[in-house]
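Asks: For the sequence shown, counting from 1, position 21 maps to 21 in UniProt numbering; every step adds exactly one.
Please note: incorrect hints may appear among the correct ones.
Stated by the list, open to error - In silico DMTMM-like cross-links for lysine to aspartate or glutamate, where the CA-CA straight-line distance does not exceed 20 Å: (1) 59 - 95; (2) 59 - 14; (3) 60 - 95; (4) 62 - 95; (5) 60 - 108.
Bear in mind the hints are in silico, worked out from the structure with no lab data behind them.
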Amino acid sequence: MTLEWEQVIVHSTDPAALGQWWAEALGWVVVYTSDDEFEIRPAADRTPGLDFVRIDEVKKSKSRLHLDFRPDDQEAEVARLLAHGARRVDIGQGDQSWVVLADPEGNEFCILGSRRQ
């Protein structure tokens, strides 16, 4: 049996706005859009992607799944994402080497320590 990871589904009250935010944050391309769905990928022919799908209810608690990113420069990447509209969040992580941020709809993600240390 062979499985290929296609995408991660992100429920969103505004798929186009949140999907565009992530496309710009990651430098990814839009591969599909409709009224209820907005899919982005690293490149048109590369997977996995992120597929933002409309849901009417807003996020109510800590996400059960989140994305981790390993930057070249953690401090610079956190500053860039904060300027792009992310915000710092405390999910009980305490004093750690990673930084927890949230996108405009409150979905948490982590910026891990820099590759060059």
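Asks: All hints, please: hold or fail.
Replies: A quick look at each hint next to the structure:
At most 20 Å may separate the alpha-carbon atoms for a hinted pair to count; residue 59 and residue 95 exceed this at roughly 25 Å. A threshold of 20 Å between alpha carbons decides the hint, and for residue 59 with residue 14 the separation of about 12 Å falls inside it, so the pair holds. Between residue 60 and residue 95 the CA atoms are separated by roughly 24 Å; this puts the pair beyond 20 Å, and the hint is violated. Proposed proximity of residue 62 and residue 95 is supported: the alpha carbons are some 18 Å apart, at most 20 Å.
A threshold of 20 Å between alpha carbons decides the hint, and for residue 60 with residue 108 the separation of about 12 Å falls inside it, so the pair holds.
Figure legend: structure checked against the earlier numbered hints; hints not met, in rising order: 1, 3.
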